[in-house]
Amino acid sequence: MEKLVVVGNGMAGVACVEQILKYEKKFDITIFGDETHVNYNRILLSSVLAGEKSLDDIVLNGLDWYQKNNIDLRLGVRIVDIDSSAKTITGNDGSVTHFDKLLLATGSVPVIPSIEDVKKEGVFVFRNLDDTRSLLERCRPGLKAVVIGGGLLGLEAARGLQVQGCDVTVVHLMDTLMERQLDNTGGGYVAAKMNELGVTVLLGLSTTAILGNGHVEGVQFKGGRSIPADLVVVAAGIRPNVSLGVAAGLEVKRGIVVNDYMETSHPDIFAVGECVQHNGVCYGLVAPLIEQGKVLAATITGNKGPKYEGSVQAAKLKIMGVDVFSAGEIADKVDGSEVIRYEDPSLGVYKKLTLKAGKLAGVILVGDASDSHRYMDWLRSGTDLRSMRKHLLFPAASEDVGLDVAMMSDNETICGCMGVTKGTIIEAIHDKGINTLSQLKECTRASTGCGSCTSLCQQILKAVAPEFEEETRKTLCKCVPFSEDNLREIVRSQKLKSVQEVLEIYGNGIGCEVCKPALSYMLDMLWCGDHDEDRSARFINDRVHANIQKDGTFSVVPRMRGGVTSPAELRRIADVAEKYNVPMVKVTGSQRIDLLGVKKSDLPKIWADLGMPSGQAYTKGVRMVKTCVGTDFCRFGTQDSTSAGIELERRLENLFTPHKLKMAAVGCPRNCAEATVKDIGLIGNEGSWQVVVGGAAGKNVRKADLLVTVETTEEAIRAAELFFQYYRENANYLERTYDFVERFGIEKIRKETVYAPDDKKQSLRDRLRKSKERSQDAWLERETPRHPSQFVQIKSLEDVLV
Amino acid sequence: MKDTKRWIRVVRCEDIPLREGRSVKVGHREIAIFNLGDRFLAVDNRCPHKGGPLADGIVCGSTVVCPLHAWKFSLETGAGVNAASSSSSIETFATSVDDGIVSVEIPVSQAEPHGPQLQSSAHFCDMLAVLADSP
Ligand code: SRM
Ligand SMILES: Cc1cc2nc3c(=O)[nH]c(=O)nc-3n(C[C@H](O)[C@H](O)[C@H](O)COP(=O)(O)OP(=O)(O)OC[C@H]3O[C@@H](n4cnc5c(N)ncnc54)[C@H](O)[C@@H]3O)c2cc1C
Ligand code: SF4
Ligand code: FES
Chain A
1 MEKLVVVGNG MAGVACVEQI LKYEKKFDIT IFGDETHVNY NRILLSSVLA GEKSLDDIVL
61 NGLDWYQKNN IDLRLGVRIV DIDSSAKTIT GNDGSVTHFD KLLLATGSVP VIPSIEDVKK
121 EGVFVFRNLD DTRSLLERCR PGLKAVVIGG GLLGLEAARG LQVQGCDVTV VHLMDTLMER
181 QLDNTGGGYV AAKMNELGVT VLLGLSTTAI LGNGHVEGVQ FKGGRSIPAD LVVVAAGIRP
241 NVSLGVAAGL EVKRGIVVND YMETSHPDIF AVGECVQHNG VCYGLVAPLI EQGKVLAATI
301 TGNKGPKYEG SVQAAKLKIM GVDVFSAGEI ADKVDGSEVI RYEDPSLGVY KKLTLKAGKL
361 AGVILVGDAS DSHRYMDWLR SGTDLRSMRK HLLFPAASED VGLDVAMMSD NETICGCMGV
421 TKGTIIEAIH DKGINTLSQL KECTRASTGC GSCTSLCQQI LKAVAPEFEE ETRKTLCKCV
481 PFSEDNLREI VRSQKLKSVQ EVLEIYGNGI GCEVCKPALS YMLDMLWCGD HDEDRSARFI
541 NDRVHANIQK DGTFSVVPRM RGGVTSPAEL RRIADVAEKY NVPMVKVTGS QRIDLLGVKK
601 SDLPKIWADL GMPSGQAYTK GVRMVKTCVG TDFCRFGTQD STSAGIELER RLENLFTPHK
661 LKMAAVGCPR NCAEATVKDI GLIGNEGSWQ VVVGGAAGKN VRKADLLVTV ETTEEAIRAA
721 ELFFQYYREN ANYLERTYDF VERFGIEKIR KETVYAPDDK KQSLRDRLRK SKERSQDAWL
781 ERETPRHPSQ FVQIKSLEDV LV
Chain B
1 MKDTKRWIRV VRCEDIPLRE GRSVKVGHRE IAIFNLGDRF LAVDNRCPHK GGPLADGIVC
61 GSTVVCPLHA WKFSLETGAG VNAASSSSSI ETFATSVDDG IVSVEIPVSQ AEPHGPQLQS
121 SAHFCDMLAV LADSP
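Sequence order for the protein chains is A and B.
Going by the numbering used here, the first sequence opens with residue 1, and the numbers climb by one from there.
Going by the numbering used here, the second sequence opens with residue 1, and the numbers climb by one from there.
The shape of chain B in the complex, shown without the other chains:
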């Protein structure tokens, strides 16, 4: 497949509450879209650490904190911005808003099922889970 990009209309603005994110399935890929009030930003929903769903993270300014082990990424550049995440990064996608609808520019050739899928598992101990609440 050719390495082209495509603009895709993905979600209505009102579907994403202020300062929150939502993941949207686009083909086989999951994109996390965030509402920062004055703009919407989009990144790959998968945390490079252990696949945490970034759309579920807490948004701080223009960064997001992964809900599993608190790696933090810039939503603008994709760069890891705290000590734990500083040597990794996430993919970002251009966005535009038109008529109340957020569109995202996706590289089509890459928009395939990626990597190993998240696994469901019955082992729950992850002592790094600083943020996850704990029964």
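The following block holds chain A by itself, in its conformation from the complex:
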């Protein structure tokens, strides 16, 4: 078998090998990579820096893939020389390897402009996984970060650092951002959007020196002005990495020159990816490299035929909330071309299409890139657009959400990065029995690049796959299409304090009955109550602090901690029930008393007469702690469960939770107050307490998992508090603990709560304490209503006789 050696374990090289493996097996393959990581998705380093993805998430081919395909992987070895006549290569470890065919896929290297002292400690580039790791290790909230370069990479780096809490300034040499992809107007919109996100943008500045004594302290510009900096990222462009091409004596211009079959000037040496130059062009995006890889795979396996004819370049900025897409020609003054524009400054939307002879030649979308696939398709296919002139910027409205997909033809590209068409996806769904997005990713590679086609892929799956399963709830809802994990990060890093702000910057500006209450919860939890409370985003129960009933009246459940009451309290309840003609008084399943059928306008008066706090029986919050009589009266009692329960209730009451949260404390394992089927339960034993979590006896019945066993009541309560806050911070809205505990697994929960390092525990406690300090009994709003008409039944100003 012939020996194929690949230099470069990056995106293009490995994608090409994947294609080669599709042909009849004819090579023994060895891959050299100087990074010490298996093949990963470089594109998503931006998302790793922004905390949206973990390093594990971005692996494309794990070690098992190399093994399965008998590929000899040499990581951490840098090839330093090629002898093209002897057909050997030399590694920096001294190894000499023979090849029959050699594939160069060495990518690019960052351009480092000539800036004085650019090697200083604290100056980074952003190209590979190690760079990203070092940046993540270095950046701290409050640090001043300067990014040199306002292109795609620079902006994504800036946003990532800023999400990590740094105070970020982007310095750009040109007068407009992303000048390679956008015109001045588009660049202006992006700058405005970046400012809105809190990133400072400085334009038209040439950096001359990095300041500081040993470590970075600032950045100096031409003309003498300087700004302070604790860390600097240089993102000033990339240059094809051609040194091995030169060593091998290949024809090299800016990149290693290849022909339409991806052959270099040496018959047994091939090249692919960012290191090559085809027809005068060097590409810096994944989609063209994948196309090149397909052609090369055909050539190298002896199936020469398909040609690479160049690619339409399309770029997308991967910053949440800043939609930018650009493809084709962008400059205004192309002879004989027409330009169609749309701008809405207050929405931050800018669209520009350049047409040539009735065909699309270029497109710029800022603020709304949802139509990008349509334009991309017109660009690729050269569709004659003359008959649809009216609908170029705004397609004729369609009600059917699936229509987008239904209207696409089979050869239309869905995944631009990996070059996967609708037809290929449908074929895979049918032939391979695919039902989930991850199966689709694995089988076709669709949606494994920048990820912007994920929703299209989902739509196709939904339409075609017989047993389509949506993989766990991915996004909160259509209005704010981010996962709740993402949103928490966004809200935190962007310091968003009101529901409307989140909706406006990251959503459709309107919201719905699903996302508004969810966002209300999230803001309250993240800011420990120090947010802009917007009652209009809350469900009616949380506006009037009572549970709405089928006839529009409300129920009143006062707090009766631990289920313990007194004659005086019972007397007041009885009086109130009579005074307000309460239709029913009932002992609830949660050891307290319910007054049902109360008019909204009577609520404040009833609360005042009762003189008891709210039992929060109407909200996603702390309900109650059921208790049994414990050591005080019971002959089997081993712990004072009544006092323990009352204390637990006091410490957690008035707080919101992702879903309602019910607790119980029992004095012995006979479990009379059903602690094993509560969200949190304390179970007394001789000399110890078991703290259990995630129990349920509602729609589901689930026995709670043991969180920890401790000796004292105080320890038990403190363990419960840790779990409580952890659930508050990590569960999705409307996820009861019985689902949350199953999803996370009790081992992980233990590790991150009761077994967590002290500082982690302390910060959970600190946030809980802060929230608690800001919380109050909701029924006190009877004295200070949020709004004068909160509980009032309004009568018309004008009396009419009808």
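Don't read these hints as lab results, they were simulated from the structure.
Glycine residues also receive a C-beta, built at the ideal position from the N, C-alpha and C atoms.
Hints may contain errors.
Claimed, not checked - Here chain A is said to cover these stretches of chain B; the calculated rule only asks that three of the stretch's residues, wherever they fall, bring their Cβ under 8 Å from a Cβ of chain A:
| no. | region |
| --- | --- |
| 1 | 43-52 |
| 2 | 88-96 |
As the list claims (entries may be wrong) - If you only want the chain A side, here are some residues facing chain B, beta carbon under 10 Å, derived:
| no. | residue |
| --- | --- |
| 3 | G511 |
| 4 | C512 |
| 5 | R535 |
| 6 | S536 |
| 7 | P788 |
| 8 | I794 |
| 9 | E798 |
Said to hold, decoys possible - Simulated coverage check for chain B against chain A, where a stretch passes if three residues somewhere in it have a Cβ under 8 Å from a Cβ of chain A:
| no. | region |
| --- | --- |
| 10 | 18-29 |
| 11 | 74-81 |
Take the given structure of chain A and dock chain B with the ligands to it, following the hints.
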């Protein structure tokens, strides 16, 4: 009675918080008035499903979601706009704002006590209650 309409001054603008609704009794009828920031819209307060008080619903753009079982209606046209409500609709009323006061145009002949009144009941199970919070 003749089928005429009348403008009636019903409520001060400041009585209705932004993006919330309030019901106002006008004679025997209950009208839900919503403050959308740039305008006020008025509809019949009674949800055609099971009589839920629409004024207590969450306002989303120019729609309202009934607090009982989440039927959703356009406040502009009265049309049901989600899957559950798509085949029903609610009555809408023209509004105008003058001097900080919202007026509503009511068809007088219809402004009579309507339909069966909401009933109070001791049965609470409604498994459709997707939104109502749950003790
Ligand atoms: C009043 C009460 C029944 C009673 O008369 O005893 C009650 C009444 C309602 N429960 Fe309950 N639940 C009541 C104790 C329970 C219990 C028992 C308990 O708390 O120990 C359970 C089982 C434990 C649990 O929560 O899992 C219980 C499990 C549910 C569930 C199922 C939850 C689940 O995920 O499994 C719902 C529906 C839901 O939450 O989606 C529900 C929903 C409801 C709703 C809110 C239905 C609705 O959406 O409108 C009822 C409101 C009546 C009203 O108009 O006020 N109720 N409900 C109890 C009030 C307790 C309190 O004092 O706060
Ligand atoms: C942060 C970031 C975000 C990006 N976002 C996007 C995006 O949204 N969309 C898009 O299309 N593109 C994006 N890109 C560009 C995209 O990642 C590259 O176009 C693509 O990775 C190039 O693939 P390649 O295989 O040619 O080079 P690489 O992926 O860089 O792979 C080359 C590999 O070869 C190794 N190597 C080099 N020389 C040697 C040697 N002598 N011996 C051994 N190994 C060697 C390198 O270390 C590297 O691992 C982004 C890039 C970055 C850095
Ligand atoms: S929801 Fe609960 S309270 Fe209502 S009827 Fe069903 S079981 Fe009873
Ligand atoms: S009463 Fe309005 S949705 Fe059921």
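Which numbered hints are broken by the structure, listed smallest first?
-> 2, 11
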